[in-house]
Amino acid sequence: MFDFIVSYYNYWVFIGLMMVGFYAMMAKRNLIKKIIGMNIFQSAIIFFYISTSVKKGGVTVPILEHGHAAHAADGLEHGAHAVDIMQYANPLPHVLMLTAIVVMVATLGVALAVAIMIYRRYNTLEEDEIIKLLRRG
Amino acid sequence: MTGQLPMLIVVIPLISAFLCPLIGLWRKDACYYWLILALSACAVGSIDTLVTVIYGGTIHYHLGGWAPPFGIEYVVDHLNGMMLVIISVISLAVAIYSKRSIEEELPEKVVYFYTAFLLQVTGFLGIVITGDLFNLYVFLEIASLAGYALIAIGEDGAPLASFRYIVMGTIGACFYLLGVGYIYVSTGSLNMADVHQILPQLYRSKVIITAVSFLLAGLAVKMALFPVHVWLPDAYTKAPSAASALIAPLMTKISLYVMIRLLFTVFKPSLSIELLPVADIMVWAGVIAILGGAIMALAQTDFKRMLCYIVVAEVGYIVGGVGLANATAMKGAILHILNDAVMTVGLFTVAGIVVYKTGRHDLSDCKDLFKKMPFTMAAFVVVALSIIGVPPTCGFFSKWYLIHGAVIAKHWAFLAALLLSSLISVILFFRIIEIGYAFRPSHGWHSGGGHAAAIDEAPLSMLIPTIAIAIAIILIGLYNQTILSNIIAPAVPVL
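Chains as they are written, first to last, in my numbering: chain A, 1 to 137; chain B, 138 to 632.
In isolation and in its complexed conformation, chain B is listed as follows (with noise of 0.2 Å):
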């Protein structure tokens, strides 16, 4: 049974997808359960196969038996076991602060938005946990069409937000599916250990080269990457609030997660630092992300929005971070991807409670918030600052190490670019933190009117998982000696 765990993580997400509507025919209100309890089942398997890999190495499942490079193999080694317990743990949270949430904003669709909602996890795990490129891509467009889907049922303006998102995806999905061909043409494996295995002899040739163009441009759409990045504020804006919650800090991070995979995987370390300037371009692409990102959101006055942007260039630190390709750099960049996702979805759960209590997301609207829902605007300020990076909040510890990373690297470009965005995030946040005191009692007690009264703090089912996200970032900034070097640091290639 434990031997077939790789698979169940995946397959547990899927099957409970396609019953879902079956038991919305019996009871509605019974498939919020069957949810937690799909999403619990995969939680447990994911934290049981990183132990395993903690304790026993890395994990090759064979499946239907076929060895691999005929067969379909997967593979859970440091960093996607990471990437499982990450993807798991957040989906069951943002399902158990979904209720409320969902049952306020689509009061017919809840059946469909879970099983849209579990379709999505399956993605984002199958992405994760794969170790063939052709698979990965039928895994991404499993989560991308879930994402679609998810995100089109939102507000006014969100059918064509996610339009638009299909248009843009479809094309990143396609130009990795191309490069994919390219390595295959030229390899005849999917295979990633395989391919890595072939491709060295290859490494110069013109097909390689524009395999690799083709993969990272792909990959740099569905990332979000700053230039590339013009579906994401919209989509995730308008899309509900559990939906955004799930969706914003795993797709992001998952294509991330891909990007270090094909560089470092797939392709031997040597080929994107000394072969290409792929390493180069990375950095700048991550200076331009931050610097780009943290001025959008400084012109927003939505609030969702401005979380978006704050998004977009958080995935420039990253990028930024693959980029210096230093081991330093590395491990702040991948200690990032854990740590960005838990304040990501911390920003997007405490956004959802607003939207469900004010029900709009205009930073006017976090008038007077402290005073009235104490709870969750304490979690606010935790996230917050741990996007500033204030120590002990997990976020100073990775911004540490990319910090570090860029002056073993000498690149100061980027060292600017981290601390001015640090300074953004300080003045982003303290807006929001001087609205939500109402430091001008005059403007904020008479608009406010009889509407203010009904705001209180937020129920326990939002609450809770809210929190615990909160809890969530102080830990893993107290333990984050343990996750490097237990999790961490077998997972930084070598350089």
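For reference, chain A alone in the conformation it holds in the complex (with noise of 0.2 Å):
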């Protein structure tokens, strides 16, 4: 049980970061938590992503070792079979993570404007302050 929790490390801060943000963004009242709640909430599923992706143990970036220098002398063409997959990290989910928190950044970018316009029209960024607001019409 205990080796279950400890090999599998990443995966549980990745639920715990998941759980703090779903919390920050039901329970609190500020507009503000909320959207930083979002981030976190946000941050955790690039951490999965990225996590599943780690080989440990000697692993390098593919564009490092591609073996053009290694295999010249050999006459292999272009060395495009020398890339072994064991030495690198998956990057497909790095790319994936890099269009996600471009989409993150501008959902962050929305929301922040939207509270802004909401500040402007009722001088506060207390959910329950504004709702009062609104029912007095």
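FYI, nobody ran anything at the bench for these hints, they're computed from the structure.
Just to be clear, a hint being listed does not mean it is correct.
In silico lysine-lysine, DSS-like type, Cα no more than 30 Å apart, as pairs [as the list claims (entries may be wrong)]: (1) B:LYS246 to B:LYS236; (2) B:LYS509 to B:LYS236; (3) B:LYS236 to A:LYS132; (4) A:LYS56 to B:LYS509; (5) B:LYS343 to A:LYS55; (6) B:LYS508 to B:LYS236.
Quick look at which bits of chain B chain A covers, simulated, 3 or more residues with Cβ under 8 Å [stated by the list, open to error]: (7) 177 to 191; (8) 294 to 303; (9) 313 to 322.
Every residue, glycine too, gets a C-beta built ideally from N, C-alpha and C.
Please dock the two separately framed chains into a single complex, following the hints provided.
Structure follows, in structure tokens:
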């Protein structure tokens, strides 16, 4: 049981972070705190993707050692085969997360812009106070 | 050129969106014509694509010439060919309709409104056309972000409604992303067809069960399935009329399309029907959504808010219909996606005209409207009859297939919910018709006062799309067999 927890510690961190973000989004009444919660929630998913691509023990970046130099002498073409997949971390989740980060930054931007709009109109960022103001008409 | 059409359908509104502010610098009113031009091109392209699919079968478009599963692939089959036409034609109708209403409601923000409008349509078309799970997430967020912006510029209270939608929508999108992550971890692929090939050996693994749960939970938020619909009524009630006419019919229907795509193209139907109780849960979720939506609609005194709860109930029809998992109910559910998109846009365009003329959207504002704007209200009656399900309007036929499907599946609770909600729709719409005809003249004439004299028929740019939608509802009803046999029958997955 203890081994199970320790060997998957990255996923436990991811679950923990995700729940912290989820709690902040649901339970906090302040709009900025909700936005911070949203950001933590999204970051947790980025950590999840990145940690799935990790390999341990002597792995490197594919462009550093893709074998041009090492195999040029053997007369092999372009060394295309020379990349050993066990030697590098899977780059695809990283690329996906670059896109996801862009999407999340855009979401953050829109959320902050709407928060500014709310503040200008009601002079507060507490959700219950805004609802009180809206009810009054 | 025609070979590039699937790409152009998405690229045209995207590029037009970025050029829109530049054109706005030159002349503000040119933006409107730019929008119409871009969306017309899109509509022609989508219709052409659908015709190609009907005669020539599924289209595969490889972006940048990279073959799947390495590259991103756009796939157009009967189901999303139909969705492309629905999206582009409805957005064109709403675009034509939007001119006067936006000039009235948001005189300073016309340019940015149209930019967000085009981005919204780009997102919708992209979600539907893509054959890649991650690409779908990106387009889902493009559509949602544009939607948040369009809703936030509405009337008082709209920014808060939009903010709540952002929070809920982000949770939905993140759950979807997490589900895609689990699928990627277990298959190493993101291409829908490829995942379909690889997954069956893994159906018993817990990772896949988790993935299915996250994907469907995320989409349930986006489609406003009953218990998680809370963001929808506020957001769509307070959005500008043109924005709610664009988003309300399309966003929910597109999430439903994604759900169908996931359950039947990405996973095999046997997963959701035999291995996991997904189908059963969906039928019950549908029953709850139909009853919840209909009853909540009955309790509203605000016209637009009532329409929002009708949208919530209609989502239940389709979710339940898919969950019944037989060919007849599926046919009904897919036909209902088409019908409901057209009916909802009809309702919201009429609501927009009422807002444009009276400045408010309470039910009591509909007083005497039948006398003052006969054509608008005639269109409204057609839409209302279609929602109730009176032949020959299109709503009857999809409801008929859904009911038939419920009988085949022997699911009496769903059948009862369908019939009950039709009865509730009768009450809902006859209440409006009663107010509209003002059967109590003493109450109607005196409180109307001087303001009432200003209300007359809507301007032509608003009236023509509304009436066109009403005619479309009748035409879809009359030609439903043609649509069913040519488009929907091939789109129904083999169960």
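Check your understanding: Which numbered hints does this structure break?
Key -> Those not satisfied are hints 3, 4, 7.
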